[in-house]
Structure formats: C-alpha cells, structure tokens
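One letter stands for each residue in the lines below.
Number of protein chains: 10
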Amino acid sequence: MVELEVFDNPRPERDYTITHVNPEFTSVCPKTGLPDFGTITLEYVPDELCVELKSLKYYYLDFRDKGIFYEAVTNQILDDLVKAVKPRYMKVTGQFSTRGGLHSVITVEHMSS
Amino acid sequence: MVELEVFDNPRPERDYTITHVNPEFTSVCPKTGLPDFGTITLEYVPDELCVELKSLKYYYLDFRDKGIFYEAVTNQILDDLVKAVKPRYMKVTGQFSTRGGLHSVITVEHMSS
Amino acid sequence: MVELEVFDNPRPERDYTITHVNPEFTSVCPKTGLPDFGTITLEYVPDELCVELKSLKYYYLDFRDKGIFYEAVTNQILDDLVKAVKPRYMKVTGQFSTRGGLHSVITVEHMSS
Amino acid sequence: MVELEVFDNPRPERDYTITHVNPEFTSVCPKTGLPDFGTITLEYVPDELCVELKSLKYYYLDFRDKGIFYEAVTNQILDDLVKAVKPRYMKVTGQFSTRGGLHSVITVEHMSS
Amino acid sequence: MVELEVFDNPRPERDYTITHVNPEFTSVCPKTGLPDFGTITLEYVPDELCVELKSLKYYYLDFRDKGIFYEAVTNQILDDLVKAVKPRYMKVTGQFSTRGGLHSVITVEHMSS
Amino acid sequence: MVELEVFDNPRPERDYTITHVNPEFTSVCPKTGLPDFGTITLEYVPDELCVELKSLKYYYLDFRDKGIFYEAVTNQILDDLVKAVKPRYMKVTGQFSTRGGLHSVITVEHMSS
Amino acid sequence: MVELEVFDNPRPERDYTITHVNPEFTSVCPKTGLPDFGTITLEYVPDELCVELKSLKYYYLDFRDKGIFYEAVTNQILDDLVKAVKPRYMKVTGQFSTRGGLHSVITVEHMSS
Amino acid sequence: MVELEVFDNPRPERDYTITHVNPEFTSVCPKTGLPDFGTITLEYVPDELCVELKSLKYYYLDFRDKGIFYEAVTNQILDDLVKAVKPRYMKVTGQFSTRGGLHSVITVEHMSS
Amino acid sequence: MVELEVFDNPRPERDYTITHVNPEFTSVCPKTGLPDFGTITLEYVPDELCVELKSLKYYYLDFRDKGIFYEAVTNQILDDLVKAVKPRYMKVTGQFSTRGGLHSVITVEHMSS
Amino acid sequence: MVELEVFDNPRPERDYTITHVNPEFTSVCPKTGLPDFGTITLEYVPDELCVELKSLKYYYLDFRDKGIFYEAVTNQILDDLVKAVKPRYMKVTGQFSTRGGLHSVITVEHMSS
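Protein chains in written order, with our numbering: chain P, 1 to 113; chain X, 1 to 113; chain R, 1 to 113; chain W, 1 to 113; chain A, 1 to 113; chain D, 1 to 113; chain C, 1 to 113; chain E, 1 to 113; chain F, 1 to 113; chain B, 1 to 113.
Here chain P stands alone, though its shape is the one from the complex:
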C-alpha cells in the first residue's frame, strides 16, 4: 500500500481545522466490477502531525483498481488516516455518483479519546 507521509504541525498548541477535497476519487464495485466515482472530503484537527498533500493524492489513487463498497471504503480511509496522522478529530465524507438512479453519501467521524 502507498504510505501516507506526514509533517510536523506548525501550531500544535492551537486547535484548528484542515480540509482537503478530492473530487476525482474512483474505485471498483466488488459486485459488478464496474467503476464507482465520488468526492472524498477529509477534515481534521491536527495534533502533532499533518498529512502531506502529495502522498494523500497517491494514497487515494491506490483505490483505482480496488473492489470495495461505499460504506467500507469511507471507513477504511478514516482508519488509515487516523493511524498515520493521530489527529484530535477527523471526519471523512464520501459523496458517490448516481448508480441505479440513487446517489449516496457516507460520513464517518473519529474523536481522539
């Protein structure tokens, strides 16, 4: 798997919010083998670390050929990013385009304990 790179938070003493939006996410439906398309929005309050933008891009590209459902992929992105960045708070939103006349949004949050 592509490794998520991190860098030191320039203001760890302050709570603030970083959002990165990827409108070009694509993976594969494990049932039909057809591609899914969506927008992944990552929002987090950093603790000691921030995610490096270019490695985040390559991390998303790695899903291009993976067969995975909407609910699972959104949860996995949150888990991978929580593990790499150890944020105070993180939210991942996956907005997926129309399939069979319906479109879907999955929203997953993590709060550091």
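Simulated from the structure, these hints should not be mistaken for lab results.
Nothing here was measured: the structure is a model prediction, and the numbers come from that model.
Cβ coordinates follow ideal geometry from the N, Cα and C atoms, glycine included.
Honestly, I wouldn't trust all of these hints.
[Claimed, not checked] Straight-line alpha carbon distances no greater than 25 Å define the calculated PhoX-like cross-link-like pairs of lysine-lysine that follow:
#, chain 1, residue 1, chain 2, residue 2
1, P, K31, E, K57
2, E, K66, P, K57
3, E, K31, P, K66
4, F, K31, P, K57
5, C, K54, F, K57
6, X, K57, A, K86
7, D, K91, F, K91
[Said to hold, decoys possible] Cβ-Cβ distance ranges computed for the label pairs, FRET-style:
#, chain 1, residue 1, chain 2, residue 2, range
8, F, K54, X, S112, 51 to 59 Å
9, D, K86, W, K31, 48 to 56 Å
10, A, K83, R, D62, 37 to 45 Å
11, A, P12, P, T32, 50 to 58 Å
12, X, R11, R, D62, 33 to 41 Å
13, X, K31, R, D65, 26 to 34 Å
14, F, E5, D, K66, 22 to 30 Å
The hints should help you fit chains X, R, W, A, D, C, E, F and B onto chain P, whose structure is shown.
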C-alpha cells in the same frame, strides 16, 4: 411486497451516517388517480445492518402504482426501513413536486430506544 | 371566508414535520391599493389533524382581493391555521417581493402550550 | 381599459432595443376560474414613441381579474402595445408557471412593414 | 390511446411560438423493464390549431407503463402531435436522466412542407 | 435627518421576526470621497412598534451624500432604528462591494435588556 | 463634465473587443427624484484610441446626481464615448433594477460608417 | 477492444439529433502516468444506425488504463464512433479537469461527405 | 514587513463582527516554487481597535513572493492580525485552489483570554 | 522569456478546436504597481502543431512580475502563441477582476491568411 435486503455493517462499533437519495420516486394520488413525483432522502446511523442499495431501489419502484398520500408514504417508508435495518437513528425526507401551485416536504425521524 | 379542511394525522404517535410552499401568494397593499406578491411557507408538526392541500390552496386564494399589510397577513395565516389544525408546532414565513427597492421576510411561530 | 401612455423617443434616428420585464403578471384561467401567474417580457425597437413605465405597469395590472388563455393574452399584449407605440420591432414573451405538472412559454413578434 | 384535443389558434395570421415543458415524463425501458424518467419539451408554431394543455398532460401520462426506447419515444411524440395539431413547425426534445452513468438528449424537428 | 416612522405591532403578545433587505444602499467613503455600495439587511423582533417601510427607504436614501466608514454606518443604522422602534431584538448586516480587491461584511446586534 | 481620457490602441491593425462592466451605476429619476441603480456594460472595437479605465469610472460617477431617464442615459453614454474614442464599433447596455415591480434593459449600438 | 454495438435508426427518413453525456470518463496521462478525468459529450445525427447505450458505456470504460493525450483521445473516440455508426453528422467534446491550474476542452466534428 | 495599520473601534462597548474577504491572495509553494492562489477570509470581533482596509490589502500583497505552506500561512496571518488588532475574537479561513486534483481549506481561530 | 513548446497535431487533416483555460493569471499594473488578476482562455484550431500544456503554464507564470495593461497583455499572448503554434485560427480572452468598481474583458482573434 418487495423485500428489503440487508448486509452486515462493516464498522458496527462506530456511529456513522449513510445517506441514499432517490430523485426518481413516483406514486399515485389516491384522490385524483394522477401520478405524484418526488425525491426521497434516506439518512441513517446503522447498528448491525445496512440496507442493500439495489433492493432499496426495487422497494421504491414498488410504489409506482400505489395510491397513497404524501404524509402516509413518507411514514410508511420509515416504518418499513426501521423494521428491516433496525438502525440507531433514521430520517426519511419526501420532497414532492408542485400540485395546484404548492409543493410539499415531509420529514419523519426514528430514534432507537 | 374559505374553510380550511383537515384530515386525521396518519401517525399521531410520532412527531414529524410537514411543509407546504406557496410561491403564488398575492394580496393587496391597503395603502396604495396595488397588489403584493410573495411566497408563503407553512411548516408544522401535526397533532391529531393535518391540513388538506386543496382547501389550503383555496384559503390562500381568498387573500387575492384583500387589503392587508405584510406583518398582519403573516400573523393571520398562522392564527387561522393554528385554529383549524391545532398543531404541536407551526411556523409561517412570508417572503415578499421588492417594493420601493426593498424586499421583506416575516417569520411567525406557534408552540402548543 | 387602462390607457398606455407614451413619450417621444429621445434618439429616433438610431435603432436600439428597450426591454421591460414584469415577473408579477397574473390573470385568471377562463376554464377553471383559478389565477394564472407568469413573467411578461416586452422587448422592442422604438420608432417615434416609447412606452411610459408606470402606465405599462397599470396596463398589466388590468389583467388581474380577466379570464384569458396563455396564447390569447400574449397575443393581445403585443397587439395593444404595437397599437400604442408603433415600434419598428416588438416581441412579447409570456412564461407561465406550472399547471398540471407542465409549464409554458409563448413568444410573439411584430415587425413593422 | 388518449386523444390529443385541439382548439382554434387565436392568431392564425401570425407566426409565433408555443412551448410546453413536462418535467415529469416517465416510461419503461423495454430491455430492463425498469422505469425511465425525463423532461419532454414541446415547441411549435401553430397553423390553424393549438394543442389543449390538459389533454397533452393525459397523452404524456399514457406512456407511464409503455416499454419504449429514448429515440423511439421522442420521434413518436413528434409524429402524434404533428398529426393532431398540423403545425407550421414543431420540435420535441427529450432529456433523460442518468442510466449506467450516462444521460441523454434526443431532439426531433418537423417542418410543414 | 429623515424621521423613521413607526406603526403599532399587530401582534405584540407574540415574538416574531421581520426582515427588510435593501440591496441599493450607497454612501461616500470619507477618505477618498468615492461612493460605496452595499446591501443593508435589517432583522428584528418587534415589541410595541414596527418600522414603516417607506420611511425606512427614505432613511437609507439620506446616506447617499454622507461620508462615513463601513463600521460606523452599520452601527449608526442599528442605533437609529433601536431608538425609533425599541425592538426586543435587532440585527443590522452591511455587505459592501469590492474596494481594492477586498469586500467586507459588518454585523451588529442589539438585545433589549 | 468629467473628461474621458484616451490612450493609443496598442494594436490598431487588428479588430478586437474591449468590454468594461460597471455594476455600480446610479443616477436620479427625473420624475420622482429617487435614485436609480443599474449595471452599465460598455463593449467596443477600438480604432486608434482606447478609453482609460480610471477616467471612465469618474465619467460614470458624474451621473450620481443627474436626473435622467433610462432610455436617455444609455444613449448619452454611447454618444459621449463614441465622441471621445471614435471606435469602429461600440455597444452600451444598461440593466436597471426593479421599479414598480418591473426591471428594464436598454441596448444601444454604434457602427462607424 | 470493446465492440460498439448498433441498432437500426427508428426514423432514418428524418434528420434528428442524439446526445449522450458521460461525466465519468477517465484515462491515464502518458507523460506522468497519473489519471485524467473528464466529461465526454457525443452528439450525432444518425443515418441507418444508432449506437447502443450499454456498449457505449463499456467502450468508454476501456480507456480507464490507457495512456493517451487529450487531443488524441477525443479524435480517436470520434473516429471509432464514425466507423461503427456511419452518422450523417457527429461531434465529440472532451472537457478535462484541472491539471497544473489549467482545464481544457477539445471539440471534434465529422460531416458525412 | 508591511505594517498593519489600525483605527479606533467606533463602538467598543458593543460586541459585533467585521469580515474582510480577499479573493486575490497568492503566495509561493516552498516545495515546487510554483505560485499558490486562494481566498483569505478574516472575521473578527473588535475590542479597542479595527484593522485599516488599505493596510490589510498591502499586508496580503507582501506574501506574493514568499514561499510558505497552506497550514503555516493561515496561522501566520492570524498571529499577525491578533498582534496588531488585539481582538476579542478572530478567525482566518484560507481556501486554496486545486493542486494535484485536490483543493484545501484551513480554518484557524483565536479567542482573547 | 519562457519558451512555448509544441508537439505534432495528431489529426492535421481535420479542423478541430482546442481550449485551455487558466483561471490563475496574474500580472502587474504598470500605473499603480499593484497586481492584476484574471482568467485567460486560449481557443484555437491547430494546423501542424499543438501547444504543450506544461510549457503554456510556465509561459503564463512569466507574467507574474511584468507591468503590462489589459489590452496589451491579451494582444501579446495572442502574438506569442500564433508565432509558436501557427494555428489556422486562434482566440485569446482575458477576463480581469474588479478594479475601481469595474471589471473588464478583452477578446482578440487571429485568422491564418
């Protein structure tokens, strides 16, 4: 009636939100016999189960020839989905197109006790 | 005056929200005699009764030739509908189009005691 | 009937275009007796005369209680304005709001011969 | 089949344009048996006759249970309306919602010879 | 100074909200002498009195030739209206158009004690 | 009157188009004494000269206290700019905000002979 | 390569236009190896044949792993579809998302000789 | 560094909000040396001082040639403005345009203790 | 000066259109020394050569510190690109953001003789 299929929630230990939007809902007005059109938005926090997208689509298609009022259909969709999915929280919003110059929105919620 | 018809709430045991939007409201300015135009949005949580859509339309049409100010008409619509429907909660919003370069919005609420 | 007032075109030696848009037009459907709502757009190239804005407003208000179909009203507005203003060119567009799920646009032109 | 009713054009001596938009068209895909949804726009220059709006609505409703492809249905609507209305010019545009990630528009014209 | 006229609140026993939006506000920058343009939104909960719409318009027109900064004008409008209307609550928002590449919004509130 | 300054067209050997949009135009209605607001769009093909942007701004500001009708002001702006710039082609469009429920657009063109 | 399937044009005696829009096109940049994303719009006047929608979808999917430039891919799609459908007229438009701060559109046409 | 000028708050006895939006912010990416573009929104509740608009503009211009990351620049703008204005509350939001297919938003807040 | 790189047109036997949009153009006003911002749209019909996207980006970046007027910069971009690409047809459109309350668009075309 079309059966709503479910699958196991991939992260039951975490509260998160799933939204499915159907902009192609149609039923029949029991008073005039004329078709009604609307958008049904289903939003829920799953417990052990998630609703399978294709069976949800067929469930909605089943209303195509049914005579039912706005208030009744929105409540029935919530009741049927609560029964099938047993969610921690669920909301159904029905936005219906213009009839006699007025358009309507019905919003119904369920909180697991 | 046109009578507001009601029907039995299909789910009185549940709190839920019904919204009817009328973008074709018109009355008359009592000062100038000129017509006013606006959008009336009715939002309520029903108790035992729901307002019937067609009678609501005719109720609104009845203001076409009445001379009445923005503040008064929005309050009167709330009073008439509270009296007919006896809701748990009701809100009426009147958005009125530009007069003398200004446009106006009046929002009135009722909470059952 | 309300009289359309005119004033002298300030530049009769030049062809140019004047457009007046009325988003608050209302008349009555002769079939159902219910009000119709629409936007009337008047566009013309003046010859010797221009239509005075306030009298145009009162002219439109005069349809408030008239029973008349979309096709007829759009043609009549063109005829009345051509008669009063004697323009080099004139176009009237009536955009009418949703009735029975359909909305309609009527466009009528006059070219001075 | 539902009959298209017509009425006499109020200004047959003038070329002008009538447009009726139906955003609530639905038919059935003959291949999958699943409903299709779309917006049908009818634009025409009347000769002696205009199409009556209510009968046009019922004509469209008649496709609700018919299995027919996009290209065929748009052409058939044009043929049926040309036959009933005998216009100087007519255009039918069918905009159909997303199927398999693609959405489609079919545009068909008729010019009286 | 133009006097703000008031009229009796038709429902003083009920808390409700009145909003008047003026997208045609203009004053003069005291530094450059150049005109400023903006939208002033007045929102309030009336007590015994409501502001009369026409006098409000003339009150705003009175700033056309006054040299005054964004922060000062928004506060002054609130002060003048609080003094005239004695509302339970009032908010004034001034949105000012681009100057030197930046545009600005000032929001001021008053709560009756 | 404010003088319109010009500078040498950097490419007089080529036909090209320059557009300047002023969304902050205001003048006074000669009938009511009330201010009018609008957007003035100037579009031209320069010959030997181009209009200098800052002097154009001051030229527009000069109308702030002038009483002049929509039709007259749009024609005068064209005349003044044609005189100062001597363009191959010029068009002035005045879009004026709502008065008495109607809004207006005036479009005037000049072609060098 | 995926084969483009065709079916008989239901109205070959009439010139009309068919448009299919694919907002989910993706290929690979041959220079960087990174994915490109875009919307491909196919518009054509059929002669004897129409392209079948599902095979068109699979044809587009076939570019998912191909390295090809914007200019080349838009031209190739036109060539392949002209060969399969032999239309009277065909246009392909590729709108590609932002790369290095720029976004691009390629438009290619074919006219049967 | 460019100095931020301040002026006395005209209503220090009242809590209110001032927002200045700069859609023309640009700095340089320290990694690639390429320019970054964004919109900086400054929102604050003044105490004794307000920031002067022209000096704020020049302060932003000073970043045009500086190499600095999104997270760092948003935090630095907040720190510099807090130091100069000593506000009761301040928020800086940086919305940055697409880089490598992703776009980003950084939001930083300060609360006077 | 940055050199514009070109590559061989993949279909020189066909007339087609290539458009590249740069919403991040910035240069410097020679009068005030302040930065200008705009969107540059390049549209052309290639002959033997196409402009390479990355070198086009660097070409635009080269204006970041140049003092040049709107009219001059739009004409120069056209001249430079015509020289490098020798197109059959080329158009450059510069849309520049608000300065002194006005915003501007310059459109320049070249047709190969």
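Here is how each hint holds up against the structure:
1. P:K31 x E:K57: 17 Å, holds
2. E:K66 x P:K57: This hinted pair holds, its Cα atoms lying about 20 Å apart.
3. E:K31 x P:K66: Roughly 24 Å separates the two Cα atoms, so the pair holds.
4. F:K31 x P:K57: 16 Å, holds
5. C:K54 x F:K57: Status holds; Cα separation ~20 Å.
6. X:K57 x A:K86: The given pair, whose Cα atoms are some 41 Å apart, is violated under the 25 Å limit.
7. D:K91 x F:K91: Holds, because 21 Å separates the two Cα atoms, which is no more than 25 Å.
8. F:K54 x X:S112: 51 to 59 Å: Holds, since K54 of chain F and S112 of chain X (Cβ atoms, about 58 Å apart) stay within the stated range.
9. D:K86 x W:K31: 48 to 56 Å: Once the Cβ atoms are compared, 52 Å apart, the range 48 to 56 Å for K31 of chain W and K86 of chain D holds.
10. A:K83 x R:D62: 37 to 45 Å: 43 Å, holds
11. A:P12 x P:T32: 50 to 58 Å: 56 Å, holds
12. X:R11 x R:D62: 33 to 41 Å: Violated: the Cβ-Cβ distance is about 55 Å, outside 33 to 41 Å.
13. X:K31 x R:D65: 26 to 34 Å: Holds, at about 28 Å.
14. F:E5 x D:K66: 22 to 30 Å: Holds, since E5 of chain F and K66 of chain D (Cβ atoms, about 24 Å apart) stay within the stated range.
When the structure is compared with the earlier hints, violations turn up for hints 6, 12 and for no others.
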